[in-house]
Each structure stands twice: as C-alpha cells, then as structure tokens.
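So the protein sequences, as listed, match chains A and B. Residue numbers for the first sequence follow numbering that gives the first Met the number 0, beginning at 0 and rising by one. Residue numbers for the second sequence follow numbering that gives the first Met the number 0, beginning at 0 and rising by one.
Read the hints as simulated data drawn from the structure, not as lab findings. Just so you know, not all the hints are guaranteed correct.
[To be verified] According to the in silico footprint, chain B covers these stretches of chain A (three or more CB under 8 Å from chain B):
(1) 94-102
(2) 106-113
(3) 189-195
[Said to hold, decoys possible] Each pair of labels, with its calculated beta carbon distance range:
(4) A/Ser69 / B/Leu53: 30 to 36 Å
(5) B/Pro155 / A/Ser69: 54 to 60 Å
(6) B/Pro155 / A/Leu176: 53 to 59 Å
(7) B/Pro155 / A/Ile47: 48 to 54 Å
(8) A/Asp57 / B/Gly303: 49 to 55 Å
(9) B/Ala166 / A/Leu187: 21 to 27 Å
(10) A/Ser69 / B/Phe301: 54 to 60 Å
(11) B/Ala166 / A/Glu36: 53 to 59 Å
(12) A/Asp146 / B/Arg90: 36 to 42 Å
(13) A/Met96 / B/Phe301: 47 to 53 Å
(14) B/Phe301 / A/Ala204: 42 to 48 Å
Glycine residues also receive a C-beta, built at the ideal position from the N, C-alpha and C atoms.
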Amino acid sequence: MSLFKSSRIVEKQIDEFLDTVAEGALVFRSGINAYLESARAEFEASIIEIGKLENRADILSREVESHLYSHSLIPEHRGDVLGLLEHTDNIIDTVKMSLMQFSVEHPVIPDEFDAGYRKLGEASYQAADAVVVSTRAFFRDATAVKDTLFKVHHYEKEADGISDTLKRAIFASDLELAHKTQLRYFALNVERISDRAEEVADRLAIYAIKRNT
Amino acid sequence: MGLLLFLSSGLFLGWSLGANDAANVFGTAVGTRMVRFRTAAVICAVFIVLGATLSGAGAAHTLGRLGAVNTLAGAFTVALAAALTTFWMTRLKMPVSTSQAIVGAIIGWNIYAASVTDTDSLTRIVLTWVACPLISGTLAVVLFMLIRWLINTTNPHLLRLDAMTRAGLILAGAFGSYSLGANNIANVMGVFVPENPFGDLSVFGLFVLSGTQQLFLLGSVAIGVGVFTYSERVMRTVGGGLVRLSPVPALVVVLAHSITLFLFASEGLEHFLASHHLPTFPLVPVSSSQAVVGAIVGISLFKGAPIRYRVLGEISVGWITTPIIAGVVAFLMLFFVDNVFDQRVHQDMRYRIDRIVVEELARQGVADAGLDEIAGTTFANGVKFKRDLETATTLAEDDIHRVIELSRLGHWMIDPGILAEKIDTRWLTAAQLDALRTLADRRYERSWLMHRELAATSPDWSERPPAAIHRSWNKELAAKLVFLDRVFRLERRDEP
C-alpha cells in the first residue's frame, strides 16, 4: 500500500538524516582533537568528511520536505517537523563552518589553552549528540523527549562555563591583543555548536507538548 | 415522462443527502487535512453507489419512510420539501439529519391529508436528539482512552502513526459510505419502486441488474454527485468548525459514530446476538449527524479542548428546526401542487367500524362499549375519526391506532399481472409467492383481511411471537405487507 510505503520511506530518510547529524558531531570532535594534536592529515580528512555529511544532510532534508508535502503526510505536525529538521541541519552547517575556519585561519593555540579547547569541543559535541537522541525520541516516543532534553541544556551550560573560563584565561595572558581576539573568536566558534543544539532543544520542548496533547 | 418528472425530486433528495450526510463519514478526515477532499469524495461516492446497489436493493425493498405517502405526486412533493430543507441547511453549512427532514415533511403531509400522525415518529425524533449524542459521546471518550493507551504502549513512529490513522480514516469512511448508501437509498428511491419503469438488464452477460437495482443505482449516483459538488462546506464544519481536531481524535470520532450506529441501530447484530442466546443491545433511534457531533463534543470535553459553543448552538437549533421547516414547506407545497397543478397528493382515506372490525378487535383483546356509538359511520377524515374515538371510548393510544388501522377501507386485489411484473421474486420466500398465487384475483375491502388470508394460507406470512430473535423477521414481514398494500391497492388505478 503506497500510504505505508511513503511513510516508511520518509521514516528511513529522517533516521538517516539524524544519523548524518550525529556522525557530523563525531567528526567535529575528532577534527578539533586532530587540530589540537597537530595531526594535519587527519584534520584535513575530517574537513572533507564533514563536507560530504553536510551535503548529504541537505539532500535528505529536502527529500523529506518534498515527500511530506507531495504525499500530504503528518499535516498536523508537518510544519514542526520541517522546522525541526531545518534547525538540526544548522548544527551540521555550523560544524562545517567551524572546522573550515580552523583550516583557513590556522590559529596558533598555546599549550596552556589546549585542554580548554579540547573540553569545550567535547561539551559542544555532547550537546549536539544529546539533541539528536531527543529528536529521535520525538518521532518514536514523545513522552521520552523531556527525559533527554535536560542533557542538552546541561552540556550547553557546561560549554558556556568552559568558554567563559577559557576567554578569561586568554585575555589574562601575555599574548598580543590580535592573537587574544583570534583565540576568543575560535572559542566562540566551537561553543556555537552547543548553542545550535540548544535552539533545537527549545523547539523540541514545545513540539513534544503539542504532540502529546 | 410523468414518472421521470416525479423521479427528479427523488434525485434532488439524493443529491441533498450526499451533500449533507457525506460529512458524517469523511468530515473529520477532510477537516484535519488527513484526506484530501477529492480523494474523500471519490471514495465516498464509489462506496455509496456500491452500498445502494448491492445492499440497498437486497435489504430495503421497503418503500422507505415516504411509503406512508400514498400517491406519487404526494411522494414527489414530500421528497422535494425534504430535499429543499436539507439543501438549505447544507447552504448554511449545518450538518442535519436527512431522515428527520423526511419525517418532518411526512408529518406535513399527514396534516395536509388529515391523516393520523404516527406518534412514534415524533417520539423517535425527540429521543434521537438526546440518546444519540450521549451514547456516541461516551463511546468516543472510551475509545479515545483505549487508543491513547495503545499508542503509549506501542510507541509507533510519528509517520507510522500518521499512516495508520489515515488508513483507519479511509477504511472507516469507505465502510460508512457503504452503509450510508445501503441504509438511505430506500428513503430516496424506495417510493418509486412500485412504478419502476426499468426491466432486468444484463451487463455484458456477466451479471443481471434488476429494475430496482437500476433505480437505486440512479439514486446513488445522485447521492454521489451531491458528495462531489456540495459536501465540502459541511465537511469543513464537522471537521473544524466546532472544534479543531487532531488526526487521532478525528479517527476516534468516525469510529465512535460507526460503532454507535452498528450497536444501537443494527437489527442484524441484534438478530445475531439473540440467535446465539446472548444479551442484545436496546435498539434506540440514532442519527449519523447527531452521532458525529456527539462524539466530537464528548472527546473535546474529555480533553478540555475549547468548543465553539456558538457553532454547537447553531447545529442544535438546526436539528430542532429541520423537521419543523420540512413539515411547513411540505404543507405549503402540497397545497400548491394540489390546487395549482391539480395533482392528487393524497388518496382519500375512509374509515368505518363494521361488525367484522369489532370481532377482530375482540379477538385481539380490544373492547369498548363506546365503539358501538360510532360503528357504521364512514369517516373521510382520519383526524376526525381519531378525535371521535378518543371522545367516545376510553381506549389507550395504542388501541386507538389499532382500531384506526383495522377500520381503514379500500379495495385490494392480488393481481397476477402485478405479481409477475412488480414483485421481486428474490425478496419473497417460495411459500410466500405460492400463497400470493393461490389467492390471485381475490378482492378485499380491508388490507388486514388480505394479510389474514395470506397468513392462513402460509405460515411464512404470519407474524412471529414478539421476541428479540424474531424482531427482524417481523419487521421484514411488516415491510413486505406495506409493499403489498401499495402495489395491490386498486384505487390508485381505478379511481378518478
């Protein structure tokens, strides 16, 4: 029956889209670590990889959108789901942009800040990963969304704290002002991933309530 | 040609029914955007045609409610009045009950023809307003709780839930449309069955469509056209005007509506339960429009969803005014058709209490000294006859109706020609047909004498003891007897 067939196709595409975003978050974490370890080849490989993933995510979200409209699926939640996918797609776009900036500017990160950037990257990765888990729950068990959303907020707050500490340490150091400004910019760049994850989480909280009523 | 003209009002009634009643089966599906209007209209029209042609002709050889109206011009006018009322309500986007419009119009005819109104019809209308929304609303809440528990337990993917809900809405809609066609076609076309101009038609040698089936096919096509051309407005009212429903409650509403009709109006189910010695559901009058609105309100109250009380008030007022308006319109139109177009809209009914009537009444346990007072007098006005009976006797309402029924005069003859042409032999049992053939050419002055002789000739023409298990037999028998009264009555042809 084509009704169930088209639903299965979209279900699969949404799953694949979320896999792609989760994989993007992993690539982000390994890319940041590779950069900090000066593993140049590994870092460039992650840039190529994130480009492919971002492209795939774009294609998948467009296909989902077209299927939802052409088959008039989930009329009640169509707008919410498309908004959710668009904002989740922003995470992988931000990951790509962040890694690309590292590749373009190649900032010199002094050893004393290495651990700070590593921790910031980890917190941002965790926030992105947690929001993908919440998004999956929205589709399968809306009551479970609330249980996973707190993790996203937790890691976003953690990323905020790490970033704040890191920026203060940078500006308290003896580095030149231009260097300090560049390092602050990169702290923001990494932290932004968790901000994007939180934006998705805020929407999910409302959509889950709507779905449960 | 005359018949075709008369048929047009039946077709208009069919069109009005399609325009209004399709909303009950597909309104919530279209209102929640789960099914496109065009898709709903195609499914609805196809299944109405199938239901009317396949099941309608089998189960409802009856004359429908309009069978009480005893001339073709009268039936034309009554159908037209009901159709105009339903059409007007549809224009106002109000879901109303077409059958109530018909009952209202028949009461209008009764008043015009000075015929006695069956108080059961009135009670039925009023009971429907109360019983049906209550039953359906309660069922909707129970069903909603059950489905919500099921969803929370199985946690289907949002898209799979969407597909299942959509499939449920389409299946329930198709089933509802089939029932709509099967149950209502007799109201639309039944009255024209005795005058049916169509003979048997072989379709490419594959199957044979009887004359009745062709007539019902024509009526169901009119219903289908009504669905396509005009039902969208009422669908939007049912689906979103009253309360903004989401898809799962929309499905619950359609299911609650179908189950209400099935449990509380299905004689088939009652017969099945009774024949298996199971307790039966009480048969209460239910209407699909009221079942749908009751379910929507029930589920909204349970969920605490905001109801647009202004729309609900308008719909409720529509239910009350529909039979009244239909009655008034029918009365006025009958006056015009009778006096301006010079068409006979009713046969004069005459009543007389003779010795044979008194004996039969005594046999049935009805006796009153007052009967002798008016015995021998011929009454040409049913209402006056009833009034006189009420004054002269102390009989209860039921017994008075029995006296009126037994006192009705007329001329009946079991005409072998009509027996061969107008009677669908598949509808009657072999024993019933044999009894009719045995009594061919006999004449009767009262229809019950014909019934009594038929019963004496074959037990298949006898009423069975009043028990739930026999109810459908007795109802079918009563329908057959009304049909015989109609086709074998001589006045239709002989009187000027």
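For each hint, the structure was consulted:
With a cut-off of 8 Å between beta carbons, the stretch 94-102 of chain A has 0 residues touching chain B; three or more are needed, and the interface restraint is violated. Judged by the Cβ-Cβ criterion of 8 Å, the stretch 106-113 of chain A is not covered by chain B as claimed, because only 0 of its residues qualify and three are needed. A count of 0 residues in the stretch 189-195 of chain A with a Cβ less than 8 Å from any Cβ of chain B is obtained; the coverage claim is therefore unmet, three being the minimum. Checked against the given bound of 30 to 36 Å, the beta carbons of A/Ser69 and B/Leu53, roughly 35 Å apart, stay inside it.
Checking the proposed 54 to 60 Å range against B/Pro155 and A/Ser69 shows it is violated: the Cβ atoms sit about 22 Å from each other. Range check, B/Pro155 to A/Leu176: Cβ separation about 58 Å, and the 53 to 59 Å hint holds. One distance hint, 48 to 54 Å for the beta-carbon pair B/Pro155 and A/Ile47, is violated here, with the actual separation near 38 Å. About 41 Å separates the C-beta atoms of A/Asp57 and B/Gly303, a value inconsistent with the hinted range of 49 to 55 Å.
The hinted range of 21 to 27 Å is not satisfied by B/Ala166 and A/Leu187, whose Cβ atoms lie roughly 50 Å apart. The supplied range of 54 to 60 Å is broken by A/Ser69 and B/Phe301, whose beta-carbon atoms lie about 35 Å from each other. About 54 Å separates the C-beta atoms of B/Ala166 and A/Glu36, a value consistent with the hinted range of 53 to 59 Å. The hinted window of 36 to 42 Å between A/Asp146 and B/Arg90 is violated, with their beta carbons roughly 52 Å apart.
Distance hint for A/Met96 and B/Phe301: a CB-CB separation of about 49 Å, consistent with the stated range 47 to 53 Å. In this structure the hint that B/Phe301 and A/Ala204 lie 42 to 48 Å apart at CB is violated, the actual value being about 25 Å.
The structure does not agree with the numbered hints 1, 2, 3, 5, 7, 8, 9, 10, 12, 14 stated previously, though it agrees with the rest.
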